[in-house]
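Since the structure of chain A is already known, use the hints to place chain B on it.
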Amino acid sequence: MTDAIDITLTVNGRTHRLNVPPRRILADLLRDELQLTGCKIGCDQAVCGACTVLVEGMPVSACTTFAFELDGKALTTIEGLAAGGVLDPVQQAFLAHGAFQCGFCTPGMVLSVKALLARHPDPDEPLIRKWLTANICRCTGYQMIVEAVCAAAKAEVG
Amino acid sequence: MDGGPSPFRAPVIPLDGPDKVTGAARYTFDFSLPGMLHAKVLRTPHPHARIRSIDVGRAESLAGVAAVVTGADAVRLTDPHYGVAIRDQPVIAIDKVRYVGDMVAAVAAIDDEIAYRALRLIDVQCDPLPAVMTIDEALAAGAPLLFESPADGAAIPVGEGATSLKEPRPNVLSEFRYRRGDAEAVLAASDHVFEDRFTFSRINHFHLEPYVNVARASREQIELWSCNQDPFVLRNDIARIFGRPANTVRIHASYVGGGFGGKSFCKMEPLVVLLALKAGRPVRLCLSLDEGLLTLTKHAGILVLKTGVTADGRLTARQSEIQLNAGAYSDASAMTVVKAGYRITGPYRWMAVATCAYAVRTNSVPAGSFRGFGGTQASFASESQIDMISRRLGIDTYEFCRKNLLAVGEPFQPGDSGMDSDLLAGLDAVVDRLGYRRRVAPPGAGTKRRGMGFAIGIKDGGGTNYAQGLVKVLPSGRAIVNAATVEIGQGATTALCRVAAETLGLPLDWVRYGAIDTDHSPLNNGTHVSCATTVTGLAIERAAADARRQILEFAADRLGCSTDDLTLDHWTVRHGNYVHPLEPMIDDYFGAGCEFIGRGGADFAYDPAAPLGARNLFWIPSWVGAEVEVDCETGRVVVKHLVVGADSGTSVNSQACRGQVEGAALQAFGQSLFEELRYDRTEPVNATPLAYRVPLASDLPDRYESFVVEQGGPGPFGAKGIGESGMLGVAAAIANAIEDAVGVRLRQIPFMPERVLTAIEDAR
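Line by line, the protein sequences are chains A and B. The letter at position 109 of the first sequence is residue 109 when you use our numbering, and the numbering goes up by one with no holes. Residues are numbered in our numbering as their position in the second sequence, beginning at 1, plus a constant of 158.
Pulled out of the complex, with its shape left as it was, chain A reads as follows (with noise of 0.2 Å):
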């Protein structure tokens, strides 16, 4: 068995100095070690979306994601958004919209949406559907979250 690597992970503007397994999944890393629970694990091969964190602003999935990867890389997880207790536009517009119904993929979805909207700053509809695609939401229908994200935009815009 190899050796357990030093990495060096900002997390949320936190930098962490960690010693890892080379098999040390991300999302378990995330979750396990630094109790960063808003990642969620749905199916666990990257189909979901459920465990979306962003890596220097993209989005990627942390169930299939190596820690180890990511030495020197800086990260954003759900728990990282609301800094200072202000949530951020596009939570303030999930919440008032009903973007979400049981909430285990709403943070890997807003995640999403933030790396959206930080490339695509007004996304028409067909764009934020595309978006999305990469989250399934099993409850919701999906409308209410493109409503959602467009609110978003424009708060963010405007």
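Just so you know, the hints here were simulated from the structure itself, not pulled from any lab data. Wrong hints could be hidden among the right ones.
[Unchecked claim] One side of the interface only, derived from the structure: several residues of chain B facing chain A at Cβ under 10 Å:
(1) P192
(2) G193
(3) F364
(4) F418
(5) E841
(6) N844
(7) L848
[To be verified] With a straight-line cut-off of 27 Å between C-alpha atoms, the simulated DSS-like cross-links for lysine-lysine are:
(8) B:K798 to A:K130
(9) A:K130 to B:K606
(10) A:K130 to A:K154
(11) B:K464 to B:K324
(12) B:K606 to B:K324
(13) B:K464 to B:K561
Idealized CB from N, CA, C, for every residue including glycine.
The following block gives chain B in isolation, referenced to the frame of chain A:
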């Protein structure tokens, strides 16, 4: 019909919302105990086999393994089987395995990796038996039997005109019959009789939070932290299986990450308890979504309807035979059969009815509760045939429906409750939004053809007819609502708190939904059948009214007046022109503090004169309209416009009602067009999230509209349930639109391109 002015017009932020958008929400998935072990399950590759031996020696001696459990442990339990009414599913396979994926052994170890390695060291020797995979195979003379002896339990009790049998024939789990009038004679006298056969598919719930349970068990107490949506049902099952008094079994519930019926009733929970008992340490079992696909499905089925009509387009009688594929074990099949059989008449007026519905055992994944519960199967067949008949008679489907729909107040069947929704008004709303009356006749040429269709689904909302509730009001006016309804995403916590807040004159954000634990929470029969807001809501309304009475009596006593002179608002009492804040009054009297604890209950009586043994509490209609574009060269169906409507009685939270309708309808939409758990002979071929396709945002119809009408109901402030409604009419509406577009009838879901293309080519 109007439920009157609703106090719930203003939009609210759901109480569970801030936790859910920030990732702070705690699910059972996130729960752990110190020293907790991790369990994995060994599943059989055989569809049907007798277990000759299981050697667990090597697995048990692997370092880090704390316990290995097999049927040899299960057979020693007081009552090792579970299931709704009919109990045939063992805690873990005892003598046979009955489907690919059946659980044969389980390991608890210090981590997942060791548990997986231990599974590979277990040697299971089986003698394969011939399998029966389809309803026809299972019913064939001399077919191999899944069960050689009768299961424990009893048939579902029913009422007037209905019969219900347990295991009436080989491989038949249960049978429901309902007769009203002489259907044979009425059909013989009808001007037209049409017989059509429909095939319904098998889908999985695909809730994103997997099945997850943590158990801690000792000689004295069993505790479970469970994703189950029925804490008290589970408590009683665990007590029975392990031969313990129910007051020594404690179930904790958290937020549930989706269920749709999949997390109702007992599943793998007793296995987790058994592991914890044997290991002497807490055990967590979290199934993968792959395993979830092998745990429970919606019922596939075959429905044959024989329907009579008069020359002027009045329905006369319907005879139906409904076969549901129950899979290997009972789960909730016996109840689903009753519901499918009863709902097959749809929202129409009949002179006579004869229904026979039964659940057939096959060597496939067990089928059980799934949002809509028999109503989706029945609505697909019934609403498809209604459209087919009107086309055959050359009558516009809208006119045909209008002529035959039950009027408000008309009983669904004799002895049952009256229709409580204006069905025609809902249909009018769908037809208007769809533009059905303005449409131009579909063009006869071109490869892409447009068509419109609609359907009216119906089901009864009943089954959870008993609930208790508790509302505790603190000296500060902050309140805690206690009930056993689990927050599974339906918004029950906000709805129940809003009912309490309104009754007590408190702001919603002063009210919190208490943690659920069967030691402390007041009992209800489960988070089921779209009943939480109605039944548990009534219990909470009454509990809040009881607390309100106590508060007013206290204030009247302190102020030396009658309670009739007081009004309660924002934690003050008004007495004439004087406003008295309650908090100082309470502090002054009680000093160290007090709580006003209100209790309430809802209990709807049984009624043997009703066909199902109890009058239905409320009706759940679903009005659906679809416009499709069918590509005649590829068979691809694109839904251009989908309209779904439902009746919430009074919306306690209109945004949540919309979410329920749209979410359910998209599940039905996926099942209509592509989603299916498929088998290649004995093997499920797509039982993995990579291959099992559920609707994505990109699958949304171009236009997706919903509406909710408020026509009153029996719940608090006139509310009624809505959670399952959107599931009901979607498949038929799309099938009807396809026929409108291309003149072919799809009698089997999903409407995959190859199936549609074959139908088009066959018609040429």
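Among all the numbered hints in the text so far, which are the ones the structure does not match? 1, 2, 5, 6, 12
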